[in-house]
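Protein sequences appear in the order of chains A, B and C. For the first sequence, this note's numbering assigns the number 289 to the initial residue and increments by one for each residue that follows. For the second sequence, this note's numbering assigns the number 107 to the initial residue and increments by one for each residue that follows. For the third sequence, this note's numbering assigns the number 910 to the initial residue and increments by one for each residue that follows.
No lab work stands behind these hints: they were computed from the structure. Don't take every hint at face value.
To be verified - In silico DSS-like links for lysine-lysine, alpha-carbon gap of 27 Å or less: (1) B:386 to C:924; (2) A:585 to B:428; (3) A:373 to C:917; (4) A:466 to C:917; (5) B:305 to A:552; (6) B:306 to A:544; (7) A:357 to C:918; (8) C:1080 to A:401; (9) B:351 to A:552; (10) A:317 to C:1022; (11) C:917 to B:166; (12) A:374 to C:1080.
Here is how the chains run, residue by residue.
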Amino acid sequence: MEPDKKILLKVRNLKQWFPVNSLLLEKKKYVKAVNDVSFDLYEGETLGIAGESGCGKSTLIRSCLRLLKPTDGSIEFDGQEIANKKLRALRPIRKDMQIIFQDPYASLDGRWKVGRLLEEPMIINKICSSKKERKEKVNELLEAVSISQEYINRFPHEFSGGQRQRIAIASALATDPKLIVCDEPVSALDVSVRAQVLNLLRDLQVSRKLTYIFVSHDMSVIEYICDRVAIMYLGKIVEIGSRKAIFEESAHPYTKALLSAVPKVSGEKNAERIILEGDIPSPVDPPSGCVFRTRCKYATEKCACEEPKMCDLGDGHMAACHLIGKA
Amino acid sequence: MEEKILSIKDLNLWFDGDYSSPQILKNINFDVYKGETLGIAGESGCGKSVTSLSVLRLLKTPPARIKGEIEFNGQNLLDLPMKEMQGIRGNKIAMIFQEPMTSLNPLFKVGYQLEEVFRLHQGLDKEEAKKKAIEMLDAVRIPLPEQRAKEYPFQLSGGMRQRVMIAMALSCRPELLIADEPTTALDVTIQAQVLDLMKKLQKEFGTAIMFITHDLGVIREVCDRVVIMYCGEIVETAKVEELFKNPSHPYTHGLLSTLPHSGSRERLETIPGMVPPAGKFPSGCVFAPRCKHACDKCIKNKPELYDIGNGHSVRCFLFEDKEVN
Amino acid sequence: MEKISTAKKIRVFIKHNGRIIIGGTLVFLMIMMAFFAPLLTKYDPNGTDIYSRFEGPSQEHFLGTDGSGTDLWSQIVYGARASLLIAFIAQIFTMAIGATLGLVCGFFPKVDKVVMRILEAINSLPTILLIFVLGMVFGSSYFNLILTLVIAGLFGPTRYVRAQVLSLRQKEFVEREVAMGAGTLRIMWMHVLPQCSSYLLVTLGSGLSSKIMSLASMSFLGVGLPSGVPNWGTLISSGQSVLMMYPYLVFYPMLALAITIFGFSMLGDGLRDLFDPTTN
Chain A
289 MEPDKKILLK VRNLKQWFPV NSLLLEKKKY VKAVNDVSFD LYEGETLGIA GESGCGKSTL
349 IRSCLRLLKP TDGSIEFDGQ EIANKKLRAL RPIRKDMQII FQDPYASLDG RWKVGRLLEE
409 PMIINKICSS KKERKEKVNE LLEAVSISQE YINRFPHEFS GGQRQRIAIA SALATDPKLI
469 VCDEPVSALD VSVRAQVLNL LRDLQVSRKL TYIFVSHDMS VIEYICDRVA IMYLGKIVEI
529 GSRKAIFEES AHPYTKALLS AVPKVSGEKN AERIILEGDI PSPVDPPSGC VFRTRCKYAT
589 EKCACEEPKM CDLGDGHMAA CHLIGKA
Chain B
107 MEEKILSIKD LNLWFDGDYS SPQILKNINF DVYKGETLGI AGESGCGKSV TSLSVLRLLK
167 TPPARIKGEI EFNGQNLLDL PMKEMQGIRG NKIAMIFQEP MTSLNPLFKV GYQLEEVFRL
227 HQGLDKEEAK KKAIEMLDAV RIPLPEQRAK EYPFQLSGGM RQRVMIAMAL SCRPELLIAD
287 EPTTALDVTI QAQVLDLMKK LQKEFGTAIM FITHDLGVIR EVCDRVVIMY CGEIVETAKV
347 EELFKNPSHP YTHGLLSTLP HSGSRERLET IPGMVPPAGK FPSGCVFAPR CKHACDKCIK
407 NKPELYDIGN GHSVRCFLFE DKEVN
Chain C
910 MEKISTAKKI RVFIKHNGRI IIGGTLVFLM IMMAFFAPLL TKYDPNGTDI YSRFEGPSQE
970 HFLGTDGSGT DLWSQIVYGA RASLLIAFIA QIFTMAIGAT LGLVCGFFPK VDKVVMRILE
1030 AINSLPTILL IFVLGMVFGS SYFNLILTLV IAGLFGPTRY VRAQVLSLRQ KEFVEREVAM
1090 GAGTLRIMWM HVLPQCSSYL LVTLGSGLSS KIMSLASMSF LGVGLPSGVP NWGTLISSGQ
1150 SVLMMYPYLV FYPMLALAIT IFGFSMLGDG LRDLFDPTTN
């Protein structure tokens, strides 16, 4: 990354803990869904957040968008500190950051027609005051996601999954946001329409100068669409770097295992597949020291008592592992 | 020649509704050989799950209406009385599902549920069944099997539960295991564990597996042969290496090229349009409306499965000069 | 696409909506009866005729007369008016107030704690006891009667709407609405309330039948409608003293009550099946 690139979102030491119901007299426990996460998002890039279920990736983006109130830490969006802002004060900022969810069935209110769904964000944010202007904008949005304008009076359930996801994308674009967070946007779609949506997202990024945070558990999708990638495990970012750094020169043992676990449809079959032992530990009681040590075959005593710091490997490639410091 | 254990012949299936009876499966023909893994791949709505459910006769009839033959060891399962069918289910043919939580009873300990299988199907007494149950848990590589046997399903992780399901399915040493998207709900690292386990167990137990999934990567990982389905028809069938080296049906070809390939960021190819809903399957070649090679003939007539050699057949007029399979 | 004949469509509709048809017909008949009461009988429901006391069903008096010589049929027909109207008004208020409370409770946890505890306390009393006590305290005027019925029925809709709010707040389309910058009021009004509307419509049926029942019980116990207003509860209550000699005086009003409640319940169940996608 060139150093003079503008930072759009700056997250520092973000913590998002949820209290767990504990027995009387027991020490209060927390699910540490996001635990001390820091990263920068540059304008115009796509940052991928990858990890397995329960790693905290969905929670992380919800905190960044302030759909949750962070326990601790700072979030700076476009130069404004938003971590502690009141909900009412956040409203004017929200139009610059939109979200697309995994399930286009659940993320569109099924009682509303497409035209109305697309007008809604404009009404809320008082963009395009006259009805005529709004209609024009709706048509323009539908064209941008290649959905015919004839469909404006249809209900979401009359569309296929892929079309519905396009409508969700159009509605996210309605306020001309700077940042769009995509939470597993193609995971619920049929394989043959996934590519259509991925291509659309890429085209829109160029034509509308968007910045994306792209959350997915699918490493091949991440590799296709992202410029930089962060790998999360148990509420922490264990490795972050450019796409090339992560996919070709990955340093953290977890990243390596994750990449080798992905079944490939082309190229060589993974000859030596790293199979991790055991399951992801509970985020209520994460292991001491390095969170990955319980499944890591290189784990030493040091890993159990000391938490590894993020180690700079150059060019913004960073990983949190004791092994790297040594080498 | 290897021994066929399951042979599906001209399987047709309709769902009778109020206004129409859409045909869900059309002339499905395939065999499963002893000890092999046959993959059935396709997108949602292509009929892959319905095929597996009809093998075990788990579909409600009506509304489902089945025609054809499902021969298991020379016996047509569709003619069997329900009572005998129940003897085959679980014993000779076992099944595992995508979501193990719904197939385990949440009120009983996993050990007990496993014991029950031994007591019901093999008539073992309590002590013996318990010993066998723990052996099985050990066989599916569950650490500390004695302790795990005393836990309830909700105390186990998704991967563990799927292992328990596999243990239950294999406990009667079935000849055929039907796995319906067994790893779709799991994380990749856990999926890798479970797939690895299934491959090892298959060698140990000699079970044939019918592996149903939408994930072509998984198919390549575990299967010997593969059947590609689209809109209730088989469009292509081949050995796995052959299929990935030489995908011949435009649909298979399209599917493979729409997937992002590692190391490449070139714009993805797309298949235009979408999968038609049940009841609106095209009457000619089912893929014709989305196919870039389609001509008049494809829209009007239905192609046969043409044999292009090496056990590879394709339902596409591009291979019309080849022999009909 | 093959053409579907109208006859087939009707057959399928009857197959799936039998309960709506039966319930709807009964309810419709009852409403018509209440509405056109003066056309269905020539007798005054409060008029007395000492020369024709305790007469059995005859040409003159379709269902016979009671101890004051009042025509039973006319009392039942006019009785439908008071029963249906009050039950309807009370049900509308119950749903409106219940839905509002539910919305507020769902969005504001602090209010939730107080309101739900009070409603739970009220709900823990047996309904019949509750309405009896409330009826005694408030006295019998139309307003107080409706107030009693509303308080007694508030728990159900409040709890349902509150539960809906809590589950809808987790839904992605609501989350997206927040992300768009919408305020709480807008989300309540535009998204949550419409989602509850089918439930509210469905409970109109079952709620009405329970309100009619409660009203009859209250009148039976003497804390219901002011005297002189014909209604089924009072009819049953006054007939009950001569039950052994003139059973028809209790039987016909009970029949009218039963048919109405059955009709509303059937309609409610049918509508629930129609609107609830999980049962299809």
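Do the hints match the structure? See the list:
no. : hint            : verdict
1   : B:386 to C:924  : holds (25 Å)
2   : A:585 to B:428  : violated (53 Å)
3   : A:373 to C:917  : violated (61 Å)
4   : A:466 to C:917  : violated (55 Å)
5   : B:305 to A:552  : holds (17 Å)
6   : B:306 to A:544  : holds (23 Å)
7   : A:357 to C:918  : violated (53 Å)
8   : C:1080 to A:401 : holds (18 Å)
9   : B:351 to A:552  : holds (13 Å)
10  : A:317 to C:1022 : holds (23 Å)
11  : C:917 to B:166  : holds (24 Å)
12  : A:374 to C:1080 : holds (22 Å)
Hint check: violations occur at hints 2, 3, 4, 7; the rest are consistent with the structure.
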